[in-house]
Structures are given as structure tokens and as C-alpha cells.
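Engineer: Please build the complete structure, drawing on both the sequences and the hints.
In case you want the letters, here they are:
Protein chains: 2
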Amino acid sequence: MKYPETLNQVIDCFKHLPGIGEKTAERLALALLEYDDNMLEIFSSSVASLKQKVKQCEICHSFSENNICDICLDKNREQNTLCVVETPKDVISIERIGTYKGKYHVLDGLISPVNGKNPDDLNIKTLLDRIKNEQIKEIILVLTPSIEGETTALYITKKIDDKNIIISKIAHGVPIGANMDYIDTLTLEMALENRTVISRS
Amino acid sequence: MKYPETLNQVIDCFKHLPGIGEKTAERLALALLEYDDNMLEIFSSSVASLKQKVKQCEICHSFSENNICDICLDKNREQNTLCVVETPKDVISIERIGTYKGKYHVLDGLISPVNGKNPDDLNIKTLLDRIKNEQIKEIILVLTPSIEGETTALYITKKIDDKNIIISKIAHGVPIGANMDYIDTLTLEMALENRTVISRS
Numbered sequence: 000m001k002y003p004e005t006l007n008q009v010i011d012c013f014k015h016l017p018g019i020g021e022k023t024a025e026r027l028a029l030a031l032l033e034y035d036d037n038m039l040e041i042f043s044s045s046v047a048s049l050k051q052k053v054k055q056c057e058i059c060h061s062f063s064e065n066n067i068c069d070i071c072l073d074k075n076r077e078q079n080t081l082c083v084v085e086t087p088k089d090v091i092s093i094e095r096i097g098t099y100k101g102k103y104h105v106l107d108g109l110i111s112p113v114n115g116k117n118p119d120d121l122n123i124k125t126l127l128d129r130i131k132n133e134q135i136k137e138i139i140l141v142l143t144p145s146i147e148g149e150t151t152a153l154y155i156t157k158k159i160d161d162k163n164i165i166i167s168k169i170a171h172g173v174p175i176g177a178n179m180d181y182i183d184t185l186t187l188e189m190a191l192e193n194r195t196v197i198s199r200s
Numbered sequence: 000m001k002y003p004e005t006l007n008q009v010i011d012c013f014k015h016l017p018g019i020g021e022k023t024a025e026r027l028a029l030a031l032l033e034y035d036d037n038m039l040e041i042f043s044s045s046v047a048s049l050k051q052k053v054k055q056c057e058i059c060h061s062f063s064e065n066n067i068c069d070i071c072l073d074k075n076r077e078q079n080t081l082c083v084v085e086t087p088k089d090v091i092s093i094e095r096i097g098t099y100k101g102k103y104h105v106l107d108g109l110i111s112p113v114n115g116k117n118p119d120d121l122n123i124k125t126l127l128d129r130i131k132n133e134q135i136k137e138i139i140l141v142l143t144p145s146i147e148g149e150t151t152a153l154y155i156t157k158k159i160d161d162k163n164i165i166i167s168k169i170a171h172g173v174p175i176g177a178n179m180d181y182i183d184t185l186t187l188e189m190a191l192e193n194r195t196v197i198s199r200s
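Heads up: the sequence lines are chains V and R, in that order. Read in order, the letters of the first sequence correspond to residues 0 to 200 in numbering that gives the first Met the number 0. Read in order, the letters of the second sequence correspond to residues 0 to 200 in numbering that gives the first Met the number 0.
Quick caveat, the hints were computed from the structure, so don't treat them as lab data. It should be emphasised that the depicted structure is a prediction, and the values quoted were computed from it without experimental measurement. A couple of the hints might just be wrong.
Which copy is meant is left open, because identical chains are indistinguishable; a pair holds if it fits in one copy or across any two.
[As the list claims (entries may be wrong)] No farther apart than 16 Å at their CA atoms in a straight line, the calculated lysine to aspartate or glutamate pairs in the EDC-like style are these:
1) LYS88 with GLU4
2) LYS100 with ASP69
3) LYS54 with ASP36
4) LYS52 with ASP35
5) LYS131 with ASP160
6) LYS116 with GLU147
7) LYS1 with GLU21
8) LYS168 with GLU137
9) LYS1 with GLU94
10) LYS168 with GLU85
11) LYS1 with ASP89
Structural biologist: Following this line, the structure appears as C-alpha cells:
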């Protein structure tokens, strides 16, 4: 005995999503049954059109419904600063802070030969082209602090090969609000190494 | 700055599901972008047809794609035993055990005057009709152990008013595999009260 076919299908679809197990998939599918028709229609149609509608910006490779995204089109942003990130999601995360006023470049991953990700698989060539064509003066690397992240940062730094461009990477350290008991050794080491002076006699 | 409209819509839809917060909704919607077109099409179309396709069985009120569900149509099941449950999900849970061979009756909730759920809002009338028409001899109540569950059990027991029908409810006690340190007092009290004799000298 199982659920009706259509319900099973919805459960199956949910199960394929990351972090969703059998029980959760069941709970979500059953919750959908309680939705009104209008909500279900919106859910279904937006899922259906997701891949057609959501494209990657031709310049920065972030998400966009048009060929070129709003940030790339925005003339009020600093035109000479590029924030290099791994995924379009990172762009949203940084935009939420609200303080960064430059533009972005999405790599679409990190260099990871083990996982078959070589520099050519990332948007590094378009990054180098932009640096030249858009007279970029500053590059901020916002990459995961991992071997892959460091490799990618190193590769990009070497490729840029222009002493006039400032390349920086975000600070790694103890997160705000964290319980010191649970900070791992490597993070603590980084935090110590990158300490900032708060008073000097 | 936000995600493209369609992506936001999908995130919003996920956010309305129980237990899904902002961050998880975002993660799920982004995961959908990685699905191939075929999977997205199945997801979208099964969600769209969910409410049309998944009906309630006219006899037992469990889920069914037809007017009458497979269990009600099954002539090999014990015809005189009814397991009374709260939701169609409970039917699936009990079917998974595989030992119960009777039929079901789904109440669609419990009596709860505080939440505006009166006996008339539940499938109690059809239950009483079935008991008469189908010559039911045994009723097994599988209801949440709560005030509402007890009230509903009491109400149904009074309504049946036929000394020849055996009415039972499931055992409440310490779950298998549970850590005794975490069992609440009420459950432990129930477990003690309903203890079973394992040897008698």
C-alpha cells in the first residue's frame, strides 16, 4: 500500500532535493494538498518556468531574467571594483549587507582537479577579459576558505599579473556571536594571525 | 537586490511549507535550478494535478485516485474490522507495518471545540453508518494520546452503543529503543499502568 500515484510523484520530487529525507518529503507533499488551488498553480507554474526564465547574466554570470543583470546595468555602482564570488547566491548574500557598491563576477565554482573542475570550467577567462576592458582597479576575492578556495585565489592572482590592480580577499576569523568553546583550531589560528590593532601606546 | 522574480516566487512557495524557513527555501529553489528539464516538468505537473488527482475515498475518506480506494475494494481483507485513524497519513503508517488486515476509517481530525472542530466536522456519521451497514465487529482506535484524542475516543465509544462491538485503542507506553532518561512522566505512568505480565509463578 502506497500513496496515490500523483502524491508519490510529488514525494519523490521533494526527496531529490538536498537535505530532504523520506519523512520530510512526505510531510511537504501532504502540506501541498492543503494549499488552495491558486497557490498550487503559482507553485507549479513558477517551477515549470524556472529554467527558462532564470538565466545567467552575460557579463557577470549572476542570475538574471534578462541577458544582462540589473547590477551590471547600474551606472551608479563603482565601475572599477569587482567582487569575485563562487555562486550567484553569494551575490545575493553580499547585496544583503548593503555596503558594497562595486560590481560582481561569478566564477561558478572553484578550481578542484579532484572533482574535474579545471580553470577552463570556471568563468576565469571572462574575468580576465573584464579586468582589461572595464579598467578594473580592485578585485575582492570572496571564496570559501578551503584548499580549492586558496588554489583558485592563487591562480587568479597569478593570471592577473598587473601590479596596478589591488587584489584582496575577505578576512577569516571568529564569527560574530560565536561561542569561543566551539571555534576550530584553524579558524582560531587565522583569527590570531590576522588580528587588528585596537590601541597602540 | 533580490533574486530574479521567478526564483523569488519558487522560494516564496517553499517558504509556505511547514518547517521550511527562508534559508532552506532558498537552498531548495537553487537546487531546483540544477534539475534537468524533465525532472522539473515532472515536479511541476505533478504539483499542478495534485489536488485534481488525489481525492478522498468515498467510503473510508483515505487518499485515493479513484472514487473508492484499493483497500476498501480489497475483498481479501477482513471485512468486519475497522481501524479508526485521524489522517490518511496514518493509514499509510499502519500499512507499512504490514500486519493489520482489516479496513480503515479516516476521521480527518479530532474533536477540539477550542479549535472549532466539533463532532459534525469529522467523519463520525459515516463511521456509524458503516458500523451498521458493514456489520463491523471490531473497532481499533488509533488516535493521538492527547485531550482531543481521548475526547474523540470517548465520543465515538458512546455513540456506538452496541455491546457486541469490541472497541480497543492502541497501547501507550515507552517506545522501543527509547532512552529511559528522556521519557516523560505521563508516558511512564501509562507504561506502568498498562504493564503486561511476562511470568507468573
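Engineer: The structure should be examined with respect to each hint, and the outcome stated for every one.
Structural biologist: Against the structure, the hints come out as follows:
In this assembly of identical chains, the alpha carbons of LYS88 and GLU4 lie at most 16 Å apart only when taken from different copies (14 Å versus 35 Å within one copy). Proximity of LYS100 and ASP69 under a CA criterion of 16 Å is satisfied intra-copy only: 13 Å inside one chain copy versus 62 Å between copies. With identical chains, the CA atoms of LYS54 and ASP36 are at most 16 Å apart between copies only, with a shortest distance of 14 Å across copies and 28 Å within one. For the identical chains of this complex, LYS52 and ASP35 are inter-copy neighbours only, at 14 Å across copies versus 25 Å inside a copy, given an alpha-carbon limit of 16 Å.
When the C-alpha separation of LYS131 and ASP160 is checked against a cutoff of 16 Å, the pair qualifies only within one copy, where the shortest distance is 11 Å, while the shortest distance between copies is 88 Å. When the C-alpha separation of LYS116 and GLU147 is checked against a cutoff of 16 Å, the pair qualifies only within one copy, where the shortest distance is 10 Å, while the shortest distance between copies is 57 Å. Taking identical chains as interchangeable, the C-alpha atoms of LYS1 and GLU21 lie at most 16 Å apart only when both belong to the same chain, with a minimum of 13 Å there against 31 Å between chains. In the homo-oligomer, the alpha carbons of LYS168 and GLU137 lie at most 16 Å apart inside one protomer (11 Å), although the nearest pairing across protomers, at 72 Å, exceeds that limit.
Within a single copy, LYS1 and GLU94 get their C-alpha atoms only as close as 45 Å, which misses the 16 Å cut-off; across copies the closest is 8 Å, which meets it. In this homomeric assembly, LYS168 and GLU85 come within 16 Å of each other (Cα to Cα) only inside a single copy, at 13 Å, whereas the closest approach across copies is 56 Å. In this assembly of identical chains, LYS1 and ASP89 lie within 16 Å of each other by CA distance solely across copies; the values are 12 Å between and 41 Å within a copy.
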